[in-house]
Structure formats: structure tokens, C-alpha cells
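Q: Protein chains in written order, with this note's numbering: chain A, 1 to 354; chain B, 1001 to 1354; chain C, 2001 to 2310; chain D, 3001 to 3310.
In case anyone wonders, no lab produced these hints; they're calculated from the structure. Worth double-checking, as some hints may not be accurate.
FRET-style restraints, in silico, Cβ to Cβ [as the list claims (entries may be wrong)]:
#	chain 1	residue 1	chain 2	residue 2	range
1	A	22	C	2036	55 to 61 Å
2	B	1264	C	2153	56 to 62 Å
3	C	2042	A	35	39 to 45 Å
The following residues of chain B were derived to be distant from chain D, with all beta-carbon distances above 12 Å [to be verified]:
#	residue
4	1027
5	1045
6	1184
Glycine included, C-beta positions come from ideal geometry on N, C-alpha and C.
Here are the chains, one letter per residue:
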Amino acid sequence: MDFGFSDDQELFRSTVRQLLADRCPPSVVRDAWTDPSGAASPVWGPLAEMGVVGLLAPESAGGLGMDEVDLVLLLEETGRAAVPDPLVEHTAVAIPTLRDLGGPDDLLAAAARGERFVGVGLAGATHVLAAERADALILQHRDELHLVTSDRFEATPVASVDRSRRLAAVEWEPGRDSRLAAGEPAARVAGAALDRGAVGSAAQLVGLARAMIEATVAYVTEREQFGRPVGSYQAVKHHLANALLAVEFAAPLVYAAAWAVANDADDRSLDVSIAKSTASDAATTAARCALQCHGAIGYTVEHDLHMWMKRAWALAAAWGHAQWHRERVSHRLGLAPDNVPANRNQREQPHEQV
Amino acid sequence: MDFGFSDDQELFRSTVRQLLADRCPPSVVRDAWTDPSGAASPVWGPLAEMGVVGLLAPESAGGLGMDEVDLVLLLEETGRAAVPDPLVEHTAVAIPTLRDLGGPDDLLAAAARGERFVGVGLAGATHVLAAERADALILQHRDELHLVTSDRFEATPVASVDRSRRLAAVEWEPGRDSRLAAGEPAARVAGAALDRGAVGSAAQLVGLARAMIEATVAYVTEREQFGRPVGSYQAVKHHLANALLAVEFAAPLVYAAAWAVANDADDRSLDVSIAKSTASDAATTAARCALQCHGAIGYTVEHDLHMWMKRAWALAAAWGHAQWHRERVSHRLGLAPDNVPANRNQREQPHEQV
Amino acid sequence: EYYRVGAPGRVNTNGISLLGPTIFAFGSPAQQERFLPPMARGDEIWAQAWSEPDAGSDLAAISCRAIRDGEWFVLDGQKTWCSRGAFADWYFGLFRSDPDAERHRGLSYLLIPRDTDGLTVREVSRLDGDPAFAELFFEGARVHESNLVGDENDGWGVAMRTAGSERGLNLRAPGRFTAAADRLVDLYRREAGGPGDAVRRDAVVRSWIGAQAYRQYTWQTAGRLARGATVGAEASLNKIFWSELDVALHDAALALLGDRAEIDEGEATAVDGGAWLDGYEFALAGPIYAGTNEIQRNVVAERVLGLPRR
Amino acid sequence: EYYRVGAPGRVNTNGISLLGPTIFAFGSPAQQERFLPPMARGDEIWAQAWSEPDAGSDLAAISCRAIRDGEWFVLDGQKTWCSRGAFADWYFGLFRSDPDAERHRGLSYLLIPRDTDGLTVREVSRLDGDPAFAELFFEGARVHESNLVGDENDGWGVAMRTAGSERGLNLRAPGRFTAAADRLVDLYRREAGGPGDAVRRDAVVRSWIGAQAYRQYTWQTAGRLARGATVGAEASLNKIFWSELDVALHDAALALLGDRAEIDEGEATAVDGGAWLDGYEFALAGPIYAGTNEIQRNVVAERVLGLPRR
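Looking at chain A on its own, in the form it has when it is part of the complex:
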């Protein structure tokens, strides 16, 4: 397996990066923090037009019919720009789940065009992201997956430390007409959905980490203390080298996990857990490094850094935090005495506040 990307894939990445540089500057992220409507950001439309939003949808449904190897670099770029829209949930999880379970064609097509938004709430997640904005949610209830339209659930906003993440507590009643799948097929698809969400957020974490490192390099090169650039001090150099080390060794794992998801490899969940645990730790390391090297200025909400840092905190814990994924690796290696709890909050009682 050579995980080098094709020229086309690299070109697509560059195009998306340029789009985001133009259409998703930090002011767009900042606006999402204060927009009470929770609506799509101004970059959602252009991303949909470019095909990013519906990348995994079949061409018959107006998508690009591509796979996770094509998507992973683009998600990394959305992480780098801290795009406030919930692309992991909609693009990386909901669309392929609808596709695989034969969800309604019209909804899939509208979702692929970015005209309708579909969110996700699997068992074990405390809240649902962007439920207020959702036309439909894919929700897990015990061993069933349901497709619940907006008239059938009630979403109560819950504030995240990252204000651009619009969490909600969702109330709904499972009904026979909303059921997409049950039993073993539902478990299989829900397992795949968790892996899709984990590798998608891992890709964004890699992008967030790279952005924080770049911003910090720029800042410490400019900023002087004791008569020389802060970035000329060995301690600062070593902080940044450590952050780069973490992200450079996380990224190939994320790409490999995307390949495993795209090909439904035997070791899919193992590869995903390796990737997500490493990417979560890398982004956390990069955030600590960035804050420490920025010093006081990074500690203010006037500076942009904190938006990247808080996104990293949130995504590091979403879709299974580092320790949960390491437990899953441990179990796969035959080292854990018990099963890993399906509940990603890892308490004895499942916590189904979805």
C-alpha cells in the first residue's frame, strides 16, 4: 500500500485550500461564533458547488461518487480553515450512511447539493451537532437507526466552548416509519458511521494542528523579546518541533485509515482508532504549543488562535477521545480483559441524552 496521493487528489486539495483562503477567512469563523441563527456559513454554498459537500454521494444522486481517500485531504483543509459547518457529520457520515442504507433518493440528492442538511446522533454521543439547522437527523436508538425529519424532533441548544459548534439536546420518539435499519445491519452501519466520523474528525484535527503551527511560526518570527525574535529561542523551537513531529506522524495514519474506510478493510476499526487517538493527541499538543508560544496574546479572545484551539479541544473528544480509541486498539490486540464499552463516554450506564 502506497498512500501517496494522486496528482488529481493533490490538485483538488489545492483548489479547496484556495477557496477556503478566499471565502473562509477567520472572520467567517468569528461570525459563526456570534450568529444566533446557526445557519450555514457563507462558505457552505461554494463548497457544495465545488462538489465537496456531496463528494461521497453516488453520481446518480448528483454527487461525485468518490471515496474517503479523495475526501480526507479536503477535510484536512476544512480543519485548517476551521470551517464552521459540520462537514464531518453531513458529508463524511450522513451521506454515505444514507447511501448504504438506501435512504430517500430526493433527500440524498438534496444533501449532496448541500441544499438540505442531515445530521447524526449515534448512541454514546451526549449531544447532536447542528440539529437546529438539520432537515433530518440519523439517530441511533438501541440497535436501530432512524431517519428523523425536523418535524419529528425537538432540538434545545447547548453551548459548546467552541461557539461555532451548535450542539443540541434532541428529543424524539423512535417510530416504525422512521426506522432505517435494525439488528445486525444497523449495528454494522452504525459501526461504519462511527469510524467515518472518527477518521473525518481526525483529518480536521490534522488540519487544525497544521494551522496552529503555521500561525505560531509566523507569530514567533515577528515577535521580539529580550531583543531577539521569540522564535530564535531554543525552547520555542523545540516546542514547535515537537508539535510538528506529532502532526507529521499522525497524518499518514489518518490517510491510511481513510483508505481502510474506503475499502472496508478487515482492520478498518483498528486503523481508525490508531489514527484518531494519534490525531487527537497531536492537535492537543499543537494547541498547547501554540498558546504557550503566543503567550498572553493567545490567551485573549480578540486573537484568532482561541477559535482553532477550542475546535481542537472539541474534536479531540468528539467521535471517541484518544483514550477510548486506545482502549479499542488494546481490545483488538487481545490485551483488554473486557469488551470496550460502546458508550464513548465510557461509563457503566449508557448515557443516551441524544
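For chain A, the structure is supplied; the task is to place chains B, C and D on it using the hints.
A: What follows is chains B, C and D alone, placed relative to chain A:
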């Protein structure tokens, strides 16, 4: 509780430090590495004359009748000098155990004078230190403590990474005439003995860590690279600051644990485990720092550093390694689901190769 | 048991712990009489005005001016990162009174009332969104010489004494950390139970042990002080330890919360009302302020261990 | 499956991975013909002669001389920390051929047969007691100009190419670490079982994941190279990662052994024959040699991230 030491205690420490500087230079440690006899080092006699060896023995038995608070600084100094004789086993554990269990008066008196050597092998320890040299061993067998004279055991040498530590596999048969205690009193005394050994080795680890830091400071101040002293590089400074941080915050815990042992405080085992886990980690940190800052020269056995480093590795794992002691803290805080295994190697089957 | 109930107790800490010892040591009798009693009562809130846009941890790079004009000093320039500056009645800090002197020469230590003409206070929000910082803008602000602490142009010596105590014992009492560690242990009891929890338990236990270590170390130092010793650069060890302990302790807590770690204060699903997230954000300032931990490690290496400066 | 069986495979590694690419790139046709085949067969063992008593990681501080005398270079000085030097048939290294030039100018890259008159090889024992290092003493040792690699006084450029590959891919194949990680997992299965073992298990799993990360990263780099890219300072990232992974992996193993960690090779109670302790001692050299990890981090910061040198 003010753990400041008295002027007398500080004076005793200075006296011992001077004695060791004169009589236990690195060449004495190096000789112990190659002496096939495993006999007492040249500094054992002077330490006995000064009263250090029998410090905890009652005055009626020719000891100084002092306690662990008096002893802890002296053990720290023996760690600093890497004294090759097994003072923790003899002075800090065997003598007070004989004292508390009413062992033979003549043996206690001879041990206090350093004329006879008594070693210790508690359950859970893989080997016994300095058994070849011992006139008697205090050995645990299930819930019994035995005093076994040299004609009643056979010691087969086992090489340690620290060649000055003369480990042995000991074969013996428990007999009624060798039994010192059984049942609850034996368990209580064995528990105290483990705590005594742990705090004693923790004190030596603090001394070893201080010595490695001092040697490294001296080396990096002298040694130049890229036209300036190695010690002027910020990375080296920070390595050393971290090592100092570790040892400076470990030492007061060790002193507090010595107080708890001397006063048989309710939290004795808790305080000891806090101290030993922190001191083990501190010495391991100091060893890594010392080797890394010395560079290649520290990696050779011609240089003295490796003897200090290997002693630190061995003592960090002896008398319960850091993780075992943290498990004990966890248990005391009511956080561990099960009992902490008495076996310090922490496997399911007790391992009684003593 | 002030700390046990979890009261933040942050306001005015700086006034008491930083400025108090300085006025004791360097203040005139009139200053001592005027400032110490209301400070002790908490009637007047003080905030430090050390940092400047181009002088963060590097106090000697201060460029904010205080030029003599008869009995007055005329202040021009900007101060930033002024903790609690939004609430303060008074500010204290270093100003360049001799523009021709370099670095740490030519600085003076001044006390400035908030209502001084020519002083504008701008609130800046902290990471957790609280408006606790301030930026201070001085434009021809006049401060009377009775508010000069110590000798003119000798502010550096005065400040070093203050910085020593900021890095040292007074700022963070051990009870704060042992209480937080006890709450962390309690959180673990409530939240844990899964098979992988021993790993997170170990982080909890390490933090709890760290809090005990901080307490023992501080007691030892207090004992030395009581016997007449002075605490110098060792105070940097203390500052590094508590600030990194505080971060580790909150890291351990957030790791226990899984995806609930991000839920903000006041939400129903926020564990302990969101106090752990809030505490984490607060803790992150520790390794940065009052001299970054990188600088503190330099101080330890150079002044405690005696390594060469260059 | 060379690595899986745990064979050390250390001898001659340096010759193949360090010198081989250099002779490919800079060697004369005659040198390529003379040296490469026996090197590939393992018939001649090579050892590096970089470090000097006053030039460890700082190669540019080399003072060992090689002065022209007709067709010959006359060598005087001392080399240290010469890994595997005790067994070697040949040495390669940098020597100062122009004593008037400073730092990295005026160095030449020479190949030296062990039986050269005027060369004394002194064995130095490694941390684990094996006599694998050597110190080399040159006293008027004569080396023929046919053993000069690249241009005279241009040894630095030649060496940089070699150092790049030493820090990079060749030295440590991923299979070495994935195999060691598998053995660690196996050790855990055999030795663990107590209630606190989840903590040590986590260290095992972290190392196992680290080995996978190293493999993926190396494959990615190999793929780039295959597509024609060059690997420069990024090789420093590689070296930092594997050397610290190797230490962490053995740390995790020794933590599982409790008080049996100290038992030396060959004893009956030494787990796996003492291989973990031996491997730990070997691993500790990783962060030191071929440019300490401190220097590698400088390289990453300055050449990959572009931070200012001063």
C-alpha cells in the same frame, strides 16, 4: 508538622557527607563492581563506627536509638555517594525488624556495630540483596517471618545491571526454630518492613538524583560545542531544570514519609507510596537528563555516570516500583476496584523465588 | 476551609501578594499607612501593569514613559495583559523615567489611580470570555511623586523583589491544589467505571500526588523562611510546579468527561456546572503569566544550578 | 522476517547505510568498484569516525588533521565514540585538511584502513558492557589520496549528504520497531494480569501505535522518494521519532518486569534472557548519536519550519 530538620540532624548529614567524600569516592563504587567476594566495602567500617549502620538499634544494643527522621538525610547521602553496601536492607529494615520482633540480642548488637550483616527477603521480591555476605536473613514465607542463619540457606549469585548490587537466589526451608513471627503480627511487621525499605530506597534515589544533576551541571559547564558551553544551550538548561524540579519536589515527600514511618502514623503506607513513586520517577528523570546532557561520554562504562544511573534504575524498581506504589495510593483513596496485590511484581501468581 | 468549597477567590490576589510585600519593603511610612489597610480589607482592588506590547516576559524592555515634571511624573504609552485590570481601583507597574538609560536601568515603580486623567482602560476578554484583562493607555497622564515606590530610576530593584514573591509562595496557596485534587478524586468516583479507566485513574492519582508534593514543598519553604532563610530564584521552581500541576489536574478531569468536556458553563449536561472547563482555561494562563515557564526554567538553570547565561 | 526473530543485526549497518550512498554519489569509479561489492557482501566492516573529544554533535568543530604530503595525507589527532569501531576493518570520517580554514570549510572526507601505521584503536565499553565503541588515535598515520572521497577540502558537502541519510530512512527500518512492538505486546500477554495493569497496558499500546506511525510515515516518505522528491531536513523528524519510540518501547517493557528489570542477560530469572534491559541500554544511545535530538529539533525548527537561527 514542620519537616525542617534540626541543626543536629543537618550537622550529622554534613559529617556523613564529608566521610563519604573522603572514604567513598567513585573508585570505591567501581571496585565493588569487580570485587568477586561481595564483601563489605571500605566505607562500611567507618559508617559503622560513626553509628550510621546501627542508628535505629536501641542504645541498650549499642545503637544510637534514633529514628527514621534522623536516618533519612544520611541515607540520602549514601545515595549521593552510591555507597555499594546494602544499608537500606541492613540498617533501615533488618535492624528495626529485629528490634520490634525481639530478635536475638547478640545478633542485634553485632548488626548495630556492623560486625554481622543481616539481609531481608520479603514476599514478592524476586531476589535477595547481599545474601552471600549475610550472617542471617529475615525471610518471609506466606504469613510468617523467619530469621535464617547462613548455615540454613544457600545463595546462588544473580547478576544485576548494577554489578555492585549482589543479588542472589536463596534456597531455604522454613522451620519452627527459625520462625520470628506468624499471622497478624508477622503481617504487620512485614508491612512496616516494606514501608521502611521503600522510604529508605526513596531517600537514596533522591541522593542519586542530586548527584547526577550536580555531575551533569559540572560537565555541561566545562564541555563546549559549537563554540560555547553545552550548559549555555536552553534545551540543556531546561532538561536540568526539569530534573531539579522533580527531585526538589520529591525530597520533602520522602522526609514526610520518614516522619510517618518513625511515628507509625495512620497514613504511613500512603505517605510512603507517595514518596517512593515520586522519588523513583525523579531519579529516572534525572538519569535520563544526565545521560542525554553528557552525550556520548556518559554512554561509556569508563565514565562514572553509568554506575549512578544503573543504581537508580535498580532502586526505582526495588521495594515497589512507581506504578505499584501509585496503585497503592489509588487503593487508599478508594479508587481501585480491587486490592493491590501484595506481590510487587504485580502478576496474578505470587512469585516466591526468594 | 476556604478552598474546599471551590470558591475562585481570584480578585485582589495580586494586590495582596505582589504589591503588599513591596510596600512593606520599599514603601514610605506614608505609603504604608495609606495603602496597606484598605488593601488588607479588600476595599481597594489592585492590578499589576507590567507587560507592554513589546515587553511581555521581558520587563527590561519596558518603553512606557514617566517623565519628571516638578512633583509629577507624566506618563505616555501602553500596558497590556493587565490581569483583573478591568475591576481595579489602582494599578502598579514599572515605567521608564530615564529614556536615555538602557534596559533595566532608568525604570521607576509607580502607583496609579484608575481615575487619573489621561488614563484609558480598555477591557479585553480572557479565553473563557470573562472581561478580566485590561489594556491601559496613558496619554499625558500625571501621577504625583508621592506615588513613587522606592527610589527614582531604581524601579528594577523594587520590581525584582515583587517578582520574586509573585513567582513564590504567596500567589498560590497549597490548599487550592489539594482541594482541587480532592474534587478530582470525587469526580473520578462519580464518573468512572469502564474497563479502560485505570489509565485515567492514574492521571487522577498523579495529580493528587502532585498536590501533596506541592503542599510539602511549600511547607518546607515556609519553615525555612520562618527560620530566617530567604527565598530567591527557588521561587521559580515553585511557580513552574504549581502552574503545570494545575494544567495536568484539569487535563485529568476533562479526560474523564469524554465528549461532555466541551459543554460550557451553566448547561444542564455540563458536569459540575462546567467548572472543569472553566478551570482548565484559567489554568492555561499559569505557564504564561508572571514570567513564562520557559523563562522560569532559565532562572532555575542559571541562578539555582549556576549554568552559564551564554 | 529478519526482524521478527529478534536478531540484533547491528554490525555493519553503518557501513551500508551511511557510507554506501556517499560512495554512490561522490566516490570515483575506482572507489565504487573497490568498496561497494565487499560492503554489500558484508566482507568488510566499516565504522564511522566522526566525533572528537571536542566535536561531538558539532562536526564543524573537527580538529583532527589530514595534511597533504605529495600523494598522501598525514593524519594526527583523536576520534571518539566510534560505534562498532572495535570490529571494523575500515573507518570513514572528516579530517581538517586546511588548518587555516574555519569551521566547515577545509575538511576532507577520508577512508582509512584499520592496519594503517600510526593508527591505534582503543576499545571502549558501551553502557551494556560490550566493547563496541572505539577511540582512534592518529599519530602521523599516512592515508593515500586514492582514499579521498569527493574533492579535497569539500568533505563537509559530502558529509552532509551522508548525515542526511544517517538521520533518515536507511538507518532504522520500520520492521525493526513493529517487530519489537509485537514482542512487547506478547510480553504483556505473558506478564500482566494484576489490577493496575491497564496503566502499563496503555504504555504498551502507545508504543505499538508509535511503531505503526513510524511505518506509515516511512512508507509515505519512501513513496515520495520513489516519485522523485528529495528528503532533506525532514529526515531529522524521522530520527527524533524512532529514537524516542525505541526508548519508550523499552521503558514500557521494563515497567512490566517490576524488580526483575535489573536482572542481567543470561540469568535464569531474566525475562526473555534479559533482552529488554539490553535493548533499553542500546536504545538510550538513539537520542544521542548521529546528532543529538536537541540538535535535530533545532534542524526541524530552522530548516523545516523556517524559524530564525538567532
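Q: Now look at each hint and say whether the structure bears it out.
A: Going down the list of hints, with the structure as the test:
no.: 1; hint: 22(A) <-> 2036(C): 55 to 61 Å; verdict: holds, 59 Å
no.: 2; hint: 1264(B) <-> 2153(C): 56 to 62 Å; verdict: holds, 60 Å
no.: 3; hint: 2042(C) <-> 35(A): 39 to 45 Å; verdict: holds, 41 Å
no.: 4; hint: 1027; verdict: holds, 17 Å
no.: 5; hint: 1045; verdict: holds, 27 Å
no.: 6; hint: 1184; verdict: holds, 24 Å
This entry satisfies every hint, going by the numbered hints stated previously.
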